[in-house]
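A.B. asks: If you read the protein sequences in the order shown, they are chains A and B.
Numbered per the working numbering, the first sequence finishes at 514, counting up by one with no gaps.
Numbered per the working numbering, the second sequence finishes at 514, counting up by one with no gaps.
Just so you know, not all the hints are guaranteed correct.
[Stated by the list, open to error] The calculated label-pair distances, taken between Cβ atoms and stated as ranges, are:
1) A:322 - B:428: 42 to 50 Å
2) A:63 - B:58: 21 to 29 Å
3) B:63 - A:451: 44 to 52 Å
4) B:107 - A:451: 47 to 55 Å
5) B:266 - A:430: 35 to 43 Å
6) A:167 - B:428: 52 to 60 Å
7) B:328 - A:352: 49 to 57 Å
8) B:143 - A:81: 53 to 61 Å
9) A:407 - B:87: 41 to 49 Å
10) B:466 - A:167: 31 to 39 Å
11) A:430 - B:107: 38 to 46 Å
12) A:444 - B:105: 41 to 49 Å
13) B:11 - A:63: 33 to 41 Å
Worth flagging that the hints you see were computed from the coordinates, not collected in a lab.
No residue lacks a Cβ here, since even glycine has one placed at the ideal position from N, Cα and C.
Number of protein chains: 2
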Amino acid sequence: MSQIRHALSVKRADDFAQWYQAVISEGDLAEESGVRGCMVIKPWGYGIWERIQRLMDDRIKAAGVQNCYFPLFIPLANFEREAEHVDGFAKEMAVVTHHRLIADGKGGLIPDPEAKLEEPLVVRPTSETIIGDAMSRWIQSWRDLPLLTNQWANVVRWEMRTRMFLRTSEFLWQEGHTAHADRDDALKETHRALEMYRACAEEDLALPVITGEKPENERFPGAVETWSIEAMMQDGKALQAGTSHYLGTNFAQAANIQYQDREGSQTLCHTTSWGVSTRMIGGVIMTHGDDDGMRVPPAIAPHQVIILPMLRDKPEDEPLLEYCEALRDALAGQTALGEKLRIMLDTRPGKAAAKRWDWVRKGAPLIVEVGSRDMEGSKVALLRRNALWNADNGKPNFDFTDRDGFISDVSGLLEAMQQDMFDEARARRDENIKRDCASWQDVVDFYSNAGAFPGWVEVQWSKPTGAALEAVVEQLKEQKLTIRNVPTNSAAADGSCIFTGDAAVERILLARAY
Amino acid sequence: MSQIRHALSVKRADDFAQWYQAVISEGDLAEESGVRGCMVIKPWGYGIWERIQRLMDDRIKAAGVQNCYFPLFIPLANFEREAEHVDGFAKEMAVVTHHRLIADGKGGLIPDPEAKLEEPLVVRPTSETIIGDAMSRWIQSWRDLPLLTNQWANVVRWEMRTRMFLRTSEFLWQEGHTAHADRDDALKETHRALEMYRACAEEDLALPVITGEKPENERFPGAVETWSIEAMMQDGKALQAGTSHYLGTNFAQAANIQYQDREGSQTLCHTTSWGVSTRMIGGVIMTHGDDDGMRVPPAIAPHQVIILPMLRDKPEDEPLLEYCEALRDALAGQTALGEKLRIMLDTRPGKAAAKRWDWVRKGAPLIVEVGSRDMEGSKVALLRRNALWNADNGKPNFDFTDRDGFISDVSGLLEAMQQDMFDEARARRDENIKRDCASWQDVVDFYSNAGAFPGWVEVQWSKPTGAALEAVVEQLKEQKLTIRNVPTNSAAADGSCIFTGDAAVERILLARAY
Numbered sequence: 001m002s003q004i005r006h007a008l009s010v011k012r013a014d015d016f017a018q019w020y021q022a023v024i025s026e027g028d029l030a031e032e033s034g035v036r037g038c039m040v041i042k043p044w045g046y047g048i049w050e051r052i053q054r055l056m057d058d059r060i061k062a063a064g065v066q067n068c069y070f071p072l073f074i075p076l077a078n079f080e081r082e083a084e085h086v087d088g089f090a091k092e093m094a095v096v097t098h099h100r101l102i103a104d105g106k107g108g109l110i111p112d113p114e115a116k117l118e119e120p121l122v123v124r125p126t127s128e129t130i131i132g133d134a135m136s137r138w139i140q141s142w143r144d145l146p147l148l149t150n151q152w153a154n155v156v157r158w159e160m161r162t163r164m165f166l167r168t169s170e171f172l173w174q175e176g177h178t179a180h181a182d183r184d185d186a187l188k189e190t191h192r193a194l195e196m197y198r199a200c201a202e203e204d205l206a207l208p209v210i211t212g213e214k215p216e217n218e219r220f221p222g223a224v225e226t227w228s229i230e231a232m233m234q235d236g237k238a239l240q241a242g243t244s245h246y247l248g249t250n251f252a253q254a255a256n257i258q259y260q261d262r263e264g265s266q267t268l269c270h271t272t273s274w275g276v277s278t279r280m281i282g283g284v285i286m287t288h289g290d291d292d293g294m295r296v297p298p299a300i301a302p303h304q305v306i307i308l309p310m311l312r313d314k315p316e317d318e319p320l321l322e323y324c325e326a327l328r329d330a331l332a333g334q335t336a337l338g339e340k341l342r343i344m345l346d347t348r349p350g351k352a353a354a355k356r357w358d359w360v361r362k363g364a365p366l367i368v369e370v371g372s373r374d375m376e377g378s379k380v381a382l383l384r385r386n387a388l389w390n391a392d393n394g395k396p397n398f399d400f401t402d403r404d405g406f407i408s409d410v411s412g413l414l415e416a417m418q419q420d421m422f423d424e425a426r427a428r429r430d431e432n433i434k435r436d437c438a439s440w441q442d443v444v445d446f447y448s449n450a451g452a453f454p455g456w457v458e459v460q461w462s463k464p465t466g467a468a469l470e471a472v473v474e475q476l477k478e479q480k481l482t483i484r485n486v487p488t489n490s491a492a493a494d495g496s497c498i499f500t501g502d503a504a505v506e507r508i509l510l511a512r513a514y
Numbered sequence: 001m002s003q004i005r006h007a008l009s010v011k012r013a014d015d016f017a018q019w020y021q022a023v024i025s026e027g028d029l030a031e032e033s034g035v036r037g038c039m040v041i042k043p044w045g046y047g048i049w050e051r052i053q054r055l056m057d058d059r060i061k062a063a064g065v066q067n068c069y070f071p072l073f074i075p076l077a078n079f080e081r082e083a084e085h086v087d088g089f090a091k092e093m094a095v096v097t098h099h100r101l102i103a104d105g106k107g108g109l110i111p112d113p114e115a116k117l118e119e120p121l122v123v124r125p126t127s128e129t130i131i132g133d134a135m136s137r138w139i140q141s142w143r144d145l146p147l148l149t150n151q152w153a154n155v156v157r158w159e160m161r162t163r164m165f166l167r168t169s170e171f172l173w174q175e176g177h178t179a180h181a182d183r184d185d186a187l188k189e190t191h192r193a194l195e196m197y198r199a200c201a202e203e204d205l206a207l208p209v210i211t212g213e214k215p216e217n218e219r220f221p222g223a224v225e226t227w228s229i230e231a232m233m234q235d236g237k238a239l240q241a242g243t244s245h246y247l248g249t250n251f252a253q254a255a256n257i258q259y260q261d262r263e264g265s266q267t268l269c270h271t272t273s274w275g276v277s278t279r280m281i282g283g284v285i286m287t288h289g290d291d292d293g294m295r296v297p298p299a300i301a302p303h304q305v306i307i308l309p310m311l312r313d314k315p316e317d318e319p320l321l322e323y324c325e326a327l328r329d330a331l332a333g334q335t336a337l338g339e340k341l342r343i344m345l346d347t348r349p350g351k352a353a354a355k356r357w358d359w360v361r362k363g364a365p366l367i368v369e370v371g372s373r374d375m376e377g378s379k380v381a382l383l384r385r386n387a388l389w390n391a392d393n394g395k396p397n398f399d400f401t402d403r404d405g406f407i408s409d410v411s412g413l414l415e416a417m418q419q420d421m422f423d424e425a426r427a428r429r430d431e432n433i434k435r436d437c438a439s440w441q442d443v444v445d446f447y448s449n450a451g452a453f454p455g456w457v458e459v460q461w462s463k464p465t466g467a468a469l470e471a472v473v474e475q476l477k478e479q480k481l482t483i484r485n486v487p488t489n490s491a492a493a494d495g496s497c498i499f500t501g502d503a504a505v506e507r508i509l510l511a512r513a514y
């Protein structure tokens, strides 16, 4: 193995944070924009987002949720209405105060003092309050319920320390907002959205996730219940990849979302909200990336098969190009993972080997190189991104295979890769959850001895609230730990709480987190 | 005809502006948000935008243009660099000056004086300057050219007088930005984008448009050439439905977008930009809407066929629902206009007749009502949105047709409707362009006598510039006229300029405009 020369400038084991940045820059996913806290999402990164959007949107529409678009700007008054919501968001919002610039007389521009807004506007950090206004207009009677809406939008939360995809001041997301006649129906929707996120994460992004309820201290500001999907990164940290909130009647009360029930009386709605963002791409990178760069699961790869003709800038290139075009057209008739195959014939100027490593760093699932000799033998040289190296000789693991055989195998190759990537991540995740810590000291010992990339621990607790919970949170901070969630599928409690010593009522996941 | 009771509360002929608002509100397309200048796009209106996006995005991708995402916020300094661009935009932008709110001690919130930004940020009115920064980083050599990027985004231009879809402070659009090695290649791209817009407008939106170059005074700030597509609304006014700009080296100079050419010297790129927005939906409304509301061309209709079972809230409903579900499933196997049919089975509570008029006002292309008797006879009652009334009896023009015949005809019905709507709009447009005004007095007479909805005039001019052009613009203002463009397909000039009396060099379109 030692002779393998990996494609990235930095390895996961050496510096995970630097490796993450290297995957993004060397894989051409995104870059710093020069505008504080905002990134530029480059074509390959945005293509991945478009794929996630398409697949998630199909799931959203299949559930009968309708897309809408609501204003970017939210009046201050909306935030003043819901006290907890204000507390949660008021500290980190972009505020628009003027609507015009004028020359400052020194060649520059300044906000025009004459054009100061009477009431400042906030750039939406999330849209519960403005969509609540619309719901209060749209809902009259029980016939209008449930009201199921979603929007794809940019939101802004001012962040002091940013990291591309994971934490940026502006990010892209979808936010579902629904209103229901009662608690049961709203809770059902909260769980439907959570299950939709689990399915999309696991089936489309090949991200194994653990669903569960967040503890009180981790709830969305104003929510009654917050549920999440949590994924384990290769450094053992947790990434919250999506959340679904049951908001009770809190936002309905604040925005006056009422309906006339079948008996004719006015009743407050129960609302939910749920969202996933470009953060998911950070999760894909840190779950599937390796020392050669990004690896994109086939279901969300903008191109699944890259055809690389080994051009020499000579007349002989022409039949080779024709051979590759015919290959592309033959592949275009195939499907994989329920969709038409996405193929890129890369004829850009430059050496084939350099372009090969570009696509390796980007993480395209299958790379097919074709030279004159391959053409003559009706062959292709196939490289699978998740089996890149020949461990025996430290060279790229090319499979010199029959062209027609490749065409008939391609669908199966991609579907197997999708499954293999999921299985690999799930096995790693499961190996790295420790479930036998019976005391806080066990937890401390584990994190002291588990090396650079410790995983998660699942422990039993008595679900303290208020000040007792705050004490637990402080204790966890000493180990840089947070409570991720109460896993839906964990075993029943049968011991005592590692924090209070009381009888445990449930199990919780502890982890260091992004 | 007199006994027809139309579905809208106001007719085009009576008050076109009010009629426009009525189509939007009664067709559930959009509504005022309560936030100054911003609208809420409701599910049916947003569904139309999603269709336009999908079809335009396919065209954009087919041209090899790659989608990216750039920051919402633009530093002031970017606007200070390109003088004409500043002049054009500096007067109408939302300015972010603070990044935090604090309690004002009286129960309200105010921008935190401690959290004032050192340099204010502008909410993008358009992204030439910030994308220019990225281009200057991404382009090194001739091998990197052309660089073809696009983004789908929201933009903000502060507007004092807003009108839904046509002019809102925030709107949704796509903006293409490309960089090229030379003028020829950039001009080719400018025209490719213009032709793409023409094709999308005419083929997808059924909007007949006239392509042509804008006169100097109507150019995009900083552009060398601005080209547009212009559509005629039913009140005879013009709507600019898309623009494509050749920017020369102006923005390349400002952002330092250079490349090393094949000879090794540093050369400025030539750039272009082009965009269409949610404004197009306003164009669809004012071109295809009628006194019964919206009419959506089948290619951009979120649902093309509405199945309305005449439910009675009784046990007999069950076989009727099954019959309708089977009809939906049979239709789902059909294609029209190159895509799978989009069908909505509307089982919401409420009377079938009330729901029928909902869908009429929304403008769904085909409405199919099914009652028990229809079911027994294997029939459906078909209503075509573009042939709604029986002029003889003033009643809805139902076609009681065979179920299986309908299934086999549906594709042809939709494709014919798409073509008919285009032909109808084109015929009306062509009838309303007057081409024989030989003098300014002819123009004045025409607009004095042409009634409430005059059309356009095409006149010859000598293409004055500078102060002479300004004088023409002032003269036109007296008649509330503007120069729309120099139509690409107009005849050669053969007379004298109606403004200067000099020999004419080309023909221009004059119109009142949105």
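A.B. asks: The structure should be examined with respect to each hint, and the outcome stated for every one.
C.D. replies: Right, here's what the structure says about each hint:
1. Between residue 322 of chain A and residue 428 of chain B the C-beta distance comes to about 49 Å, which sits within the given range of 42 to 50 Å.
2. Between residue 63 of chain A and residue 58 of chain B the beta carbons are some 25 Å apart, a value that agrees with the proposed interval 21 to 29 Å.
3. Between residue 63 of chain B and residue 451 of chain A the beta carbons are some 51 Å apart, a value that agrees with the proposed interval 44 to 52 Å.
4. In this structure the hint that residue 107 of chain B and residue 451 of chain A lie 47 to 55 Å apart at CB holds, the actual value being about 52 Å.
5. Between residue 266 of chain B and residue 430 of chain A the C-beta distance comes to about 55 Å, which lies outside the given range of 35 to 43 Å.
6. The supplied range of 52 to 60 Å is met by residue 167 of chain A and residue 428 of chain B, whose beta-carbon atoms lie about 54 Å from each other.
7. For residue 328 of chain B and residue 352 of chain A, the Cβ-Cβ distance of about 50 Å falls inside the hinted range of 49 to 57 Å, so the restraint holds.
8. Restraint check, residue 143 of chain B to residue 81 of chain A: a C-beta distance of roughly 56 Å satisfies the suggested window 53 to 61 Å.
9. Hint check: residue 407 of chain A to residue 87 of chain B, Cβ distance near 58 Å, so the stated range 41 to 49 Å is violated.
10. Checked against the hint of 31 to 39 Å, the pair residue 466 of chain B and residue 167 of chain A fails, with Cβ atoms roughly 52 Å apart.
11. In this structure, residue 430 of chain A and residue 107 of chain B break the distance hint of 38 to 46 Å, their C-beta atoms being roughly 51 Å apart.
12. Our hint of 41 to 49 Å for residue 444 of chain A and residue 105 of chain B holds, since their Cβ atoms are close to 44 Å apart.
13. A hinted range of 33 to 41 Å holds for the C-beta pair residue 11 of chain B and residue 63 of chain A, which are about 40 Å apart.
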